[in-house]
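Using the sequences plus the hints, can you model the full thing?
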Amino acid sequence: MSEPAEAPSAQAMGRRWLRSRELALNVVAVCGGIALWGGVVALGKVGLPGPAQVLMRAIELIRSGQLLTDLLASLGRVTAGFALGVALAIPVGFLMGWYSTARGLIEPFVQFFRMIPPLAVIPLAIVTMGIGEAPKVFVIFLAAFLSCVIATFQGVVSVDKTLINAARVLGAGDGTIFRRVVIPASTPFILVGMRIGLGSAWATVVAAELIAAQSGLGFRMQQAELYYDLATIFVSLIAIGALGLTMDRLLLALETRLTQWQERM
Amino acid sequence: MSRGISFQNVSRRFAHRGGTFLALDRFSVDVAEGEFVTLVGPSGCGKSTALNIAAGLIEPTGGAMIVDGRSVRGPGPERGVIFQQYALFPWLTVRQNVEFGLRIAGKSASQRRAIAQRFIDLVGLADFADSLPKVLSGGMKQRCAIARAYAVDPTILLMDEPFGALDALTRVQMQDQLLDTWSRERRTVMFVTHDVDEAVYLANRVIVMAARPGRLYEIIPVDLPYPRSEAMRLSSAFAEIRNRVWRAVYHQPARFLDGAAQDNEREMR
Numbered sequence: 001m002s003e004p005a006e007a008p009s010a011q012a013m014g015r016r017w018l019r020s021r022e023l024a025l026n027v028v029a030v031c032g033g034i035a036l037w038g039g040v041v042a043l044g045k046v047g048l049p050g051p052a053q054v055l056m057r058a059i060e061l062i063r064s065g066q067l068l069t070d071l072l073a074s075l076g077r078v079t080a081g082f083a084l085g086v087a088l089a090i091p092v093g094f095l096m097g098w099y100s101t102a103r104g105l106i107e108p109f110v111q112f113f114r115m116i117p118p119l120a121v122i123p124l125a126i127v128t129m130g131i132g133e134a135p136k137v138f139v140i141f142l143a144a145f146l147s148c149v150i151a152t153f154q155g156v157v158s159v160d161k162t163l164i165n166a167a168r169v170l171g172a173g174d175g176t177i178f179r180r181v182v183i184p185a186s187t188p189f190i191l192v193g194m195r196i197g198l199g200s201a202w203a204t205v206v207a208a209e210l211i212a213a214q215s216g217l218g219f220r221m222q223q224a225e226l227y228y229d230l231a232t233i234f235v236s237l238i239a240i241g242a243l244g245l246t247m248d249r250l251l252l253a254l255e256t257r258l259t260q261w262q263e264r265m
Numbered sequence: 001m002s003r004g005i006s007f008q009n010v011s012r013r014f015a016h017r018g019g020t021f022l023a024l025d026r027f028s029v030d031v032a033e034g035e036f037v038t039l040v041g042p043s044g045c046g047k048s049t050a051l052n053i054a055a056g057l058i059e060p061t062g063g064a065m066i067v068d069g070r071s072v073r074g075p076g077p078e079r080g081v082i083f084q085q086y087a088l089f090p091w092l093t094v095r096q097n098v099e100f101g102l103r104i105a106g107k108s109a110s111q112r113r114a115i116a117q118r119f120i121d122l123v124g125l126a127d128f129a130d131s132l133p134k135v136l137s138g139g140m141k142q143r144c145a146i147a148r149a150y151a152v153d154p155t156i157l158l159m160d161e162p163f164g165a166l167d168a169l170t171r172v173q174m175q176d177q178l179l180d181t182w183s184r185e186r187r188t189v190m191f192v193t194h195d196v197d198e199a200v201y202l203a204n205r206v207i208v209m210a211a212r213p214g215r216l217y218e219i220i221p222v223d224l225p226y227p228r229s230e231a232m233r234l235s236s237a238f239a240e241i242r243n244r245v246w247r248a249v250y251h252q253p254a255r256f257l258d259g260a261a262q263d264n265e266r267e268m269r
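Taken in sequence, the protein lines are chains A and B.
Residue 203 in the numbering used here is what sits at position 203 of the first sequence, and the numbering runs on without skipping anything.
Residue 167 in the numbering used here is what sits at position 167 of the second sequence, and the numbering runs on without skipping anything.
I should point out that these hints are in silico values taken from the structure, not numbers from a laboratory.
There's no promise every hint is true.
[Unchecked claim] Non-contacting residues of chain A with respect to chain B, defined by C-beta distances greater than 10 Å in every case (computed):
(1) Q11
(2) G65
(3) A87
(4) V110
(5) A120
(6) L163
(7) G171
(8) R180
(9) V181
(10) A231
(11) R249
[Said to hold, decoys possible] Below are the DMTMM-like pairs computed for lysine to aspartate or glutamate, each with C-alpha atoms no more than 25 Å apart in a straight line:
(12) K134/B to E263/A
(13) K161/A to D174/A
(14) K107/B to E59/B
(15) K134/B to E161/B
(16) K161/A to D121/B
(17) K161/A to D127/B
(18) K107/B to D68/B
(19) K107/B to D167/B
(20) K107/B to D130/B
(21) K107/B to D174/A
(22) K45/A to D229/A
(23) K161/A to E107/A
(24) K134/B to E107/A
(25) K134/B to D160/A
(26) K107/B to D121/B
(27) K161/A to E78/B
(28) K161/A to E59/B
(29) K161/A to E255/A
(30) K107/B to D127/B
(31) K45/A to E225/A
[To be verified] Facing chain B, according to a computed beta carbon distance under 7 Å, are these residues of chain A, among others:
(32) N165
(33) R168
(34) V169
(35) P184
(36) T256
(37) E263
Each residue gets a CB set at the ideal place from its N, CA and C atoms; glycine is no exception.
Shown next, in the form of structure tokens:
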């Protein structure tokens, strides 16, 4: 338990110093990694493109607009599938946590489909939905939905019973308890679920594009493979990582903002 | 029976490992309007069960639970409850916590604001009205919970070991503040504690309970005037009552303990 108002300045200053030190270490590590990569390639023992070559290709791809087109194609699929998945997962998760009947009816399906990697559904999705955008978006939707629904359900189930009782003794009915206690109390769980969901959505889109697509970062790598164009593969991989990381950080920022009220160690 | 709390042969049985377990056995106590009673007893004596039945959070399996002349059906805002774990909504500020029940009661924004401010001032949290619970100390959290319970204007306050998690010094301060608040905003109070000193210092009457099965053991009146003070806490009259309660809690006759335990084992089977 933190004592109020006392000595926050010194503590905050210490924390700020620790953070800038950490950031400096991160930068050193990244530069070191790139240098190591360049060094290994320069030795000529491995047939990989070096950092300079990859950078040149990246500039080329950015200039021609190819990278942006691919990026937007992948991002569009992820956004659509992820939004649909989360939009369904939150109400279904609440339903499962709140009504034991709903839980009994839905849980076996969720638990079963969770065990099937979304990618394994691609052949079926292509056969039934054709080769357009639908099967890819569907598979991403499935990935996002399954990770997020479990987290939401867990969040509702683990709402502190004392808080519910506190609301009841203040005269709250079920509707009020749901809106004003259960939803805010499970928000941290939902946001963690969304982050996991986004991670698996992103992993799924790239894999789906490798298998069946005419655009996107996965498709570009697939094409580059045919021409032994390693530099393009590197650029795509770096773009995938950077974009995934950016989206994750954005969700993390949202999470920190929405769950400021939580007591942290 | 008009206002106040009336336990009439209230029993409560819980399911336990395939059998049942009698947590409260034909408990009968009347608490008059405006009275401050404390419930003490060894662990497992059913004191919290009794309080939760009065709150409407647990249903009795036998007897009648009457509050203000009516049979209790579920919780209601006329019975304020203060929990040991504070139970503040961590995502709401002190003010929003205090306004929570007022909003349910359908008060307008300006009314809510005025009432909340009055009780926040009463418990001395004005400087922290817009802070989140996470920055408050344990004592401040409990004061916020008390303000929240008071705000909806309950006729009865049910307090379940509210100061149990506080350090000894804060605890004594909280007791004085509670009595101070109570003397200005008189309510019927039922206060559960395991601290004999606290039980005597606060109460008009101390209700001592026995365990296995939980039941009434003895009611000890505290013939000390309010307002209570430190001098009174250290007086010989206080010590005498305290000793009496202590003996009632810690030296219940063996027959009372063993016989009951055997009865209960038979039931557990």
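Structure-based check of each hint:
1. Q11: At about 13 Å from chain B, Q11/A clears the 10 Å cut-off, so the statement holds.
2. G65: 45 Å, holds
3. A87: 23 Å, holds
4. V110: 27 Å, holds
5. A120: 40 Å, holds
6. L163: 6 Å, violated
7. G171: 4 Å, violated
8. R180: The claim breaks: R180/A does not keep its Cβ more than 10 Å from every Cβ of chain B (closest is about 7 Å).
9. V181: Violated, since 7 Å does not exceed 10 Å.
10. A231: Check passes; 50 Å lies beyond 10 Å.
11. R249: 23 Å, holds
12. K134/B to E263/A: It holds: about 6 Å lies between the C-alpha atoms, which stays within 25 Å.
13. K161/A to D174/A: 13 Å, holds
14. K107/B to E59/B: Violated, at roughly 30 Å.
15. K134/B to E161/B: It holds: about 21 Å lies between the C-alpha atoms, which stays within 25 Å.
16. K161/A to D121/B: 29 Å, violated
17. K161/A to D127/B: Outside the cut-off at roughly 30 Å; violated.
18. K107/B to D68/B: 24 Å, holds
19. K107/B to D167/B: With Cα atoms ~37 Å apart, K107/B and D167/B exceed 25 Å; violated.
20. K107/B to D130/B: Roughly 20 Å separates the two Cα atoms, so the pair holds.
21. K107/B to D174/A: 19 Å, holds
22. K45/A to D229/A: Holds, at roughly 18 Å.
23. K161/A to E107/A: Given that 25 Å is the threshold and the Cα spacing comes to 22 Å, the pair holds.
24. K134/B to E107/A: 35 Å, violated
25. K134/B to D160/A: 16 Å, holds
26. K107/B to D121/B: Between K107/B and D121/B the Cα gap is close to 19 Å, so the pair holds against 25 Å.
27. K161/A to E78/B: 21 Å, holds
28. K161/A to E59/B: 17 Å, holds
29. K161/A to E255/A: Holds, at about 23 Å.
30. K107/B to D127/B: Holds, at roughly 24 Å.
31. K45/A to E225/A: With Cα atoms ~21 Å apart, K45/A and E225/A stay inside 25 Å; holds.
32. N165: The hint holds - N165/A has a Cβ within 7 Å of chain B, the shortest such distance being about 6 Å.
33. R168: Cβ of R168/A sits 5 Å from chain B, so the hint holds.
34. V169: 4 Å, holds
35. P184: Holds: closest Cβ of chain B sits about 5 Å from P184/A, inside 7 Å.
36. T256: 14 Å, violated
37. E263: 5 Å, holds
Hints 6, 7, 8, 9, 14, 16, 17, 19, 24 and 36 from the list above are not met by this structure, while the remaining hints are.
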